[in-house]
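Protein chains in written order, with our numbering: chain P, 445 to 591; chain V, 445 to 591; chain C, 445 to 591; chain R, 445 to 591.
It is possible that part of the hints are untrue.
Which copy is meant is left open, so a pair is good if it fits within one copy or across any two.
[Said to hold, decoys possible] Straight-line C-alpha distance at most 25 angstroms; calculated BS3-like pairs for lysine-lysine: (1) K516 to K582; (2) K496 to K582; (3) K559 to K516; (4) K559 to K570.
Source of the hints: derived by calculation from the structure; they are not laboratory data.
4 protein chains.
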Amino acid sequence: MAQLGASLKIFTSHRVIYGDTDRMGVVYYANYLRWFEKGRSEFLRQIGLPYKTIEAQGFHFPVTEVSCRYFKSAHYDDLITIATQLTSVGHASLRFDYIISREGDTSSLASGSTKHACVDVNGRIKRIPGDLTQRLAKVLITPTQST
Amino acid sequence: MAQLGASLKIFTSHRVIYGDTDRMGVVYYANYLRWFEKGRSEFLRQIGLPYKTIEAQGFHFPVTEVSCRYFKSAHYDDLITIATQLTSVGHASLRFDYIISREGDTSSLASGSTKHACVDVNGRIKRIPGDLTQRLAKVLITPTQST
Amino acid sequence: MAQLGASLKIFTSHRVIYGDTDRMGVVYYANYLRWFEKGRSEFLRQIGLPYKTIEAQGFHFPVTEVSCRYFKSAHYDDLITIATQLTSVGHASLRFDYIISREGDTSSLASGSTKHACVDVNGRIKRIPGDLTQRLAKVLITPTQST
Amino acid sequence: MAQLGASLKIFTSHRVIYGDTDRMGVVYYANYLRWFEKGRSEFLRQIGLPYKTIEAQGFHFPVTEVSCRYFKSAHYDDLITIATQLTSVGHASLRFDYIISREGDTSSLASGSTKHACVDVNGRIKRIPGDLTQRLAKVLITPTQST
């Protein structure tokens, strides 16, 4: 249903707890955004740029836009896989794409993306520093048929 | 920044608590989706169709798609207004649009929308029953410049 | 099942949303702690000491201990009442007691308490300033048969 | 600060995300109860009794009481360890004890416990079935000095 491009893709796992579900017996829709955060956080850690380190340099990347499409439900105790890719690096913005699936299941449960602005500690838009752009550009992919 | 059409608009309030915020000092992005739910829930209640009653008739409207754009941050203790409109009624689907603002502030903090499928208790897509469609159609508006 | 003493008691309301519930069809146990926060936040606002104002003076009251007993379940769309009382004011600590009930229902769903330390911006324990202690002492009650 | 007895102890990890924190820059107090759930869920899985399997047999163990003491704060990106022990098995009740710490840090951040009732699908109190009691008794410990 959803496909990410062929470049660097980071996989993170999450075991669904009761606290993630709602009375329909499935994961509440807002909780997928927590998984997106977990996905991009591990993505940055694995390419050697933990978000905490980026923040320590005075740069923040708040979410300016999110979208998510839900295809199938996630249930209690499911082992969820979050596949994350960096799909755009602008002068002062980033975009990540995500695919949520159940471990051992080839079809996806959901797909989505987040856009981020680069801001300083006062919340002012800033150009992403050159060295950071270079390192991000190396793992950047062009999405193909994403969602 | 965002504008809803001129038809029926339901306003709901929410006071931001610590539990809504994150370490940036602002409301965590996933929590806006909780506000969207609160908004559409009050919308349905105020037009005389509480969601609980709809469910009791065997119909559910799970979210199939969500999007949200964040313009400004919401902070601790802010009194938030959620403006909700029904913007589409299909054979087996609905769409709601939302505008999030701070009480007494004319500009909006965020805007978004959710799409819903009509399903039965077994999760199978169902046509929305005729009487429900009629009642929803009465409060339906065509969005103008929404987001 | 639970009873608060006869002195100042502040009542706050919360409508249960899907996002509060879990797959058992009831409110997830951790969410009662969000309600406790909402309760004490409104308590402080109504006695003229909004927590935000206290923080602006450099004092914070992080939770050092919480307990909650669950008697009956809360369900989707329930209108919940949170009754809050201040039950102890120490040199550098506070205690609040809470009773959770369903509107129009005399028996309680849950009861609990939180203890708080007074700290400065650096997290160091501080004596509660004299004027604050005096104002809090006025609304302090001795719990009688609480829980 | 807190100590669990010497018997079976199951360790689970959690990486703190933004969504776990609040504007004080620390993990919001209610989220520790999510970690407790994660802890007891992994405990049951590792002793060969996944909670999902217990539920499939018609038994549920809702929380009837929780308490938590907070000693130190957990921060963004901390790798948290949840140590879980089963500390009581009654005719129709269980108790788990938890210690929360930061990986590589000997002192604990928080400690707590949950009590559970054994109920059937209709929420009626039930005696825990004999074979389940026997298997739980094997991993039961008597807490020693557990806060």
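Taking the hints in turn, this is what the structure says about them:
1. K516 to K582: For K516 and K582, the Cα distance exceeds 25 angstroms both inside one copy (33 angstroms) and across copies (31 angstroms).
2. K496 to K582: within (20 angstroms within a copy, 43 angstroms between copies)
3. K559 to K516: both (24 angstroms within a copy, 14 angstroms between copies)
4. K559 to K570: Answer is within; shortest intra-copy Cα gap is 15 angstroms, inter-copy 34 angstroms.
Taken one by one, the earlier hints fail for this structure only at number 1.
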